Amino acid sequence: MKSKFKLGIRSKITFGYVIIVLALIVSAFYLNSQIRSLQEERNQIIKYDSQVLTLSNNIEKSLLEMQASKRGFIITGDEDYLENYYQATRDWEQDYNTLYSLLNGNTEQLERLAVIKSTINHWIATSGDPVIDMKREGRQEDLDEHFSVDEGRSDLVFMEQQFEEFRITESEAIYANTSGLDKQNDKIGTAITLFLILVTIVAVTSATAVSNSIIKTVKNVTNSIHRITRSEGDLGERIKVNTKDEIRDLAIATNQLLDSMENREWLQTNLAALLTKYQGIASINKLSEIFLSEITRITGATYGAFYVANKNLDETEYMKTASFSSSSQEIGRDSFKLGEGLIGQVAVRQQVFHSNNLPKDYKLIQTGLGETPPKSILIVPVKYEDKIIAVIELASLEEFEQLEIELVESVVESFGLTVNGILDRIEIVRLLNESRAMTEELQAQSEELQTQSEELQSQSEELQMQTEELTIINEQLEDRTKEAEAKSRELEKAKKELEATAGQLILSSNYKSEFLANMSHELRTPLNSILILSEMLGENDSNNLTEEQAEFAKVIHSSGKDLLALINDILDLSKVEAGKLDILFGEVNMDELPHLLEQTFSPVAKQKEIAFNIVKSSEVNDIFYTDEKRFNQILKNLLSNAFKFTEQGSVTLAINKLDEQKISADMGKLSEDWLEIAIIDTGIGISKDKHQLIFESFQQADGATVRKYGGTGLGLSISKEFSKLLGGWIDLQSEEGKGSTFTLTLPSLPNGISEVCLEKLKQAEEGHKEVAATTEVIEDTPPQAELVVHQPELDVIANLPTLNAECDIFEGKNILIVDDDNRNIFALKTALEHNGINILVAKHGLECIEIMKSNHDIDLVLMDIMMPVMDGYETMTRIRKDLQMTEIPIIAITAKAMKTDRDKCIDAGASDYISKPINLEQLFSVLRVWLVSQGSMNNDVPSI
Amino acid sequence: MSHQSDFGSNHDLSTEHTDLEVELLLKAVFRLSGYDFLLYNRSSITRRIENRMRISGLSTITELTNLIIHNEDYLHQILNDFSINVTEMFRNPSFFKAFRNEVIPKLREFPEIRIWHAGCATGEEVFSMAVLIEEEGLMDKTVIYATDMNEDVLEKAKNGVFPIHKMQAYTKNYQLAGGQESFSQYYKTDRQYAYFHKSLLKNIIFAQHNLVTDQSFNEFHIIICRNVLIYFTQRLQNQVHHLFHESLMNGGYLGLGDKETLRFTEIVANYNEVNGNERIYQKVK
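Residue numbers (UniProt numbering), protein chains in the order written: chain A, 1 to 944; chain B, 1 to 285.
Keep in mind that a hint or two might mislead.
Quick list of in silico lysine-lysine cross-link-like pairs, DSS-like style, CA-CA up to 27 angstroms [unchecked claim]:
#1 B:Lys-166 / A:Lys-916
#2 A:Lys-899 / B:Lys-106
#3 B:Lys-285 / A:Lys-881
#4 A:Lys-813 / B:Lys-172
#5 A:Lys-644 / A:Lys-616
#6 A:Lys-561 / A:Lys-512
#7 A:Lys-916 / A:Lys-904
#8 A:Lys-904 / B:Lys-97
#9 A:Lys-904 / B:Lys-172
#10 B:Lys-97 / A:Lys-899
#11 A:Lys-813 / B:Lys-166
#12 A:Lys-277 / B:Lys-285
#13 A:Lys-916 / B:Lys-172
#14 B:Lys-285 / A:Lys-899
#15 A:Lys-12 / A:Lys-216
#16 B:Lys-166 / A:Lys-904
#17 A:Lys-899 / B:Lys-202
#18 A:Lys-829 / B:Lys-141
Partner residues are not named here, just some residues of chain B that face chain A (Cβ under 8 angstroms, in silico) [as the list claims (entries may be wrong)]:
#19 Glu-16
#20 Thr-46
#21 Arg-52
#22 Ser-59
#23 Thr-62
#24 Val-86
#25 Ile-164
#26 Gln-175
#27 Gln-180
#28 Ser-182
#29 Ser-184
#30 Gln-185
#31 Asn-227
Hints listed in this document are in silico derivations from the structure and should not be mistaken for laboratory results. All figures in this text were calculated on a predicted structure; none of them were measured in a lab. C-beta: ideal position from N, C-alpha, C; glycine also.
The following block holds chain A by itself, in its conformation from the complex:
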């Protein structure tokens, strides 16, 4: 990737440094040369200066040497001095030349030097050599004279002067030279400063350039990274770098990282999305559907099929649970076996299969316009604990990207767990439901059993009761048999006696009836006279009676009539009873009957201001065979009865032919033609319990009725007897206060009535009554009548005589009263003993325990709580724990107490508690509850 033209950060930085270093080198070289030339110049100046000075000094010195040597010689005449003199002359000459050459070019100084030379030469010429010669030659005077003049001195001073000047000039020149050097020095300083500035500028510039180029790209990258960070998860942006340096490498690497992160992110997102999609799904079909639709959407697959392992006993079969097809048609085989086909092989090898080279006969993907073979297929096994629990096949028109395959693989990794989880969950839910159903079933069964056992128990108890009853009856029967045997002997005897007396009785009964018949007959005779006379008196024809007296007479008359009627009735009755009444069957004209009756009773009706209706059905035959006299008598009796007890409303006589359906077989044998005559009134009515009674002789509904309505009460019994004689009967339907209906039912008997007929008649009547009874019940009660009969109502049971039963519960029971208050004990004792309970008394807990230890017949304990020596709580605890008497009922008697006290009672072992002051009814209720035998359900209502 590295380009040849790459300008890396290293080169940039190096380049910058190189520039700086080069600048430094250049400036160093320059400065160095400058400084060196300066130094040389200075050295030259110094050397020249010192040479000039030395030389000038040497010249001066040589001159002085010459002077000195000359003087020495002059003074001493010693030739040695001359040696020095000549030496000095030579030195001078040499030094001068040197100096001259040295000053070559400096004309001013050269001139001065020339002057000096000429001066010296002058001196030598004047004051040197001549003088020496003077000495040598000994010319003293010349000497003296010379010295007196001393021309040389002036030369020397001049020379000295010249030298001084020379030197000054020279030092001035040097000074000028050094100041030039100083200037040059300053220039170098300036140059250094300039170089420094230049190098700084170069360095800063190059540093800036390099750092800028680096920072810019770095910033670029940082910004990109910041942007990516800020965008939170959107990894689409990439770092762009224009430079070709390491930053670019970094950017490229980062971009690669981003790419892989994006891929990872894509994977994770899709993975997470998938995971959330199938979160909480409980059905494997739904799961596979959702999974397929998601995975095909993500991978762009066109086909998908999902198979889940179905573990059979010997082989694993994979069943299709979902398929996906973009053309929404049903695709894929329904199942495959392990190792069967490519997909089966995948399940065996447990490896993902991915191929872009598909066999040509691979399923064609149908589109709207045609069919295309898929380009790529992907078969992925779903693993859980080394078992392939599902296989997914995907097919696509595009090639699957590596990333998509990767996604599918990583999805499947955790998916195995999910599939297994759901399979497990389904299994668990199934098992739980099963167990719940089983629990419910058990509960239902146990309740049913309870019901059944209750039924059985009640049945068995009923049976037991019945058995017991039977046993008792049996025993009684046995006794009775014995008694009966004894009695039958007695009876035998008695029977004979009875037979004898019976004969006598019949005789006497006949006598009685006869007597009655005679008697009434005999009575009638005097009565007649009374009636007649009283009637006469009542009419008061002669007007000699006061109104009051006439009224009395009328009363006597009417009483007499009543008496007569009574006597007649008695006569009739006695005749019937004595069998002396003659019945003569004959034709009765039914046509006339209404008229006859109307005639008789209309006046009464008018008098009492009540309506009298006679209704005769057209079905009634005109001729009816019966005893007309008795027939009329019955009707008259019934009608007068009806009028008698009716104050307002109406009396209706309804004559009908008896409906054929109502004629029973027995009745049919007697006659085909039956009359049904109903006398319906709206009078006071007769209560149900009196219905039977009123047909008895001398009976009316009650005493008060007699007082109010009068009458003998014989009418109905006579009518009943007559109707029997005529082969029929009388029915009564009545309700107190709502009137009565007497129905006379009679057969038409053209041939009279025989004994056989009468027997039949009896059966007919009884049969009729039964029918009547049942129909009555049917009318009165709703259809569940039968049930009501089977299941006595609670109220009825509740109303059973309880007095005896009460004693059964309490009788002979032993109750121990534990109380320290004598009054309480007395009150309780009295009340309980009254009910037959045996009472034992303990004054405190300890005593109670002692009694209970020795007496095991105690049925129940009444326990006071607040007691000396040992309180109720402790006593109860000890009874339950120490004495191990866990079953005996203990009723705690608490003061009107807090709930905690009651709880304490229960905890201590009380079976129940009641509060003071004791309500006796409540006490007995509780005693019944706790004294009733638990095993017994004798008194339970038999369940149905």
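Based on these hints, arrange chain B on the given structure of chain A.
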């Protein structure tokens, strides 16, 4: 159940035939009485039928069907057989204790309280609830609607008369259920029965109602339906649960029998568990 094995050995009926016969019988019952037992737990119904056959000495279910069709008494009898009326006062006392401790305090805020005892049978639990409500001082603002499909048992329930020999057990239940008074102050006895005071009946309305066929008839604060659903198939249970849900006000309470649970029902998401062990749930939506 020995009779079953007897039955099985005497009559070699295939289950399929039995199912058919049972179904025909149930259809006959439905047509004749309007009581629909087709969705009742079939095994329970079958056992009840077999029990009746044993008692009546019949050899096939069809014989019984014949009797049911032609004899109204038998129809009545089989209807009574089908309605299991096992109950007791303060049955599972811990339920009533939990109800007293966890539900009652919440009820105090309500201006009125309507309680529906669905499937009250002979009324033992209704009277238990009445005693509890009375002790908690809520009787005056409470109305208890006690319903059952069986009118015979409703008649019994109205009396508040229970066999005396059961009262010892009931007293213990009452105490375990957190009873606060002497239980005996709520009843009088004679030799056979305990008669609960009529004052308890003051705010109880007894009515015939069939959970299978009848609709909701009010909105309730509390619905108690214990050990009724166990006789129903899952489908019917769900149907009844919907009826309850519909009949319960938001925040209202549902009490079930100890073998019944809302878990795994469709309706469970609408309830909060107040006391899971005692099967007390609160409707939340």
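Status of each hint after checking the structure:
no. : hint                  : result
1   : B:Lys-166 / A:Lys-916 : holds, 25 angstroms
2   : A:Lys-899 / B:Lys-106 : holds, 22 angstroms
3   : B:Lys-285 / A:Lys-881 : violated, 52 angstroms
4   : A:Lys-813 / B:Lys-172 : holds, 23 angstroms
5   : A:Lys-644 / A:Lys-616 : holds, 23 angstroms
6   : A:Lys-561 / A:Lys-512 : holds, 24 angstroms
7   : A:Lys-916 / A:Lys-904 : holds, 16 angstroms
8   : A:Lys-904 / B:Lys-97  : holds, 17 angstroms
9   : A:Lys-904 / B:Lys-172 : holds, 14 angstroms
10  : B:Lys-97 / A:Lys-899  : holds, 15 angstroms
11  : A:Lys-813 / B:Lys-166 : holds, 20 angstroms
12  : A:Lys-277 / B:Lys-285 : holds, 25 angstroms
13  : A:Lys-916 / B:Lys-172 : holds, 21 angstroms
14  : B:Lys-285 / A:Lys-899 : violated, 38 angstroms
15  : A:Lys-12 / A:Lys-216  : holds, 14 angstroms
16  : B:Lys-166 / A:Lys-904 : holds, 24 angstroms
17  : A:Lys-899 / B:Lys-202 : holds, 26 angstroms
18  : A:Lys-829 / B:Lys-141 : violated, 43 angstroms
19  : Glu-16                : violated, 21 angstroms
20  : Thr-46                : violated, 11 angstroms
21  : Arg-52                : violated, 11 angstroms
22  : Ser-59                : violated, 20 angstroms
23  : Thr-62                : violated, 22 angstroms
24  : Val-86                : holds, 4 angstroms
25  : Ile-164               : holds, 5 angstroms
26  : Gln-175               : holds, 5 angstroms
27  : Gln-180               : holds, 5 angstroms
28  : Ser-182               : holds, 5 angstroms
29  : Ser-184               : holds, 4 angstroms
30  : Gln-185               : holds, 6 angstroms
31  : Asn-227               : holds, 6 angstroms
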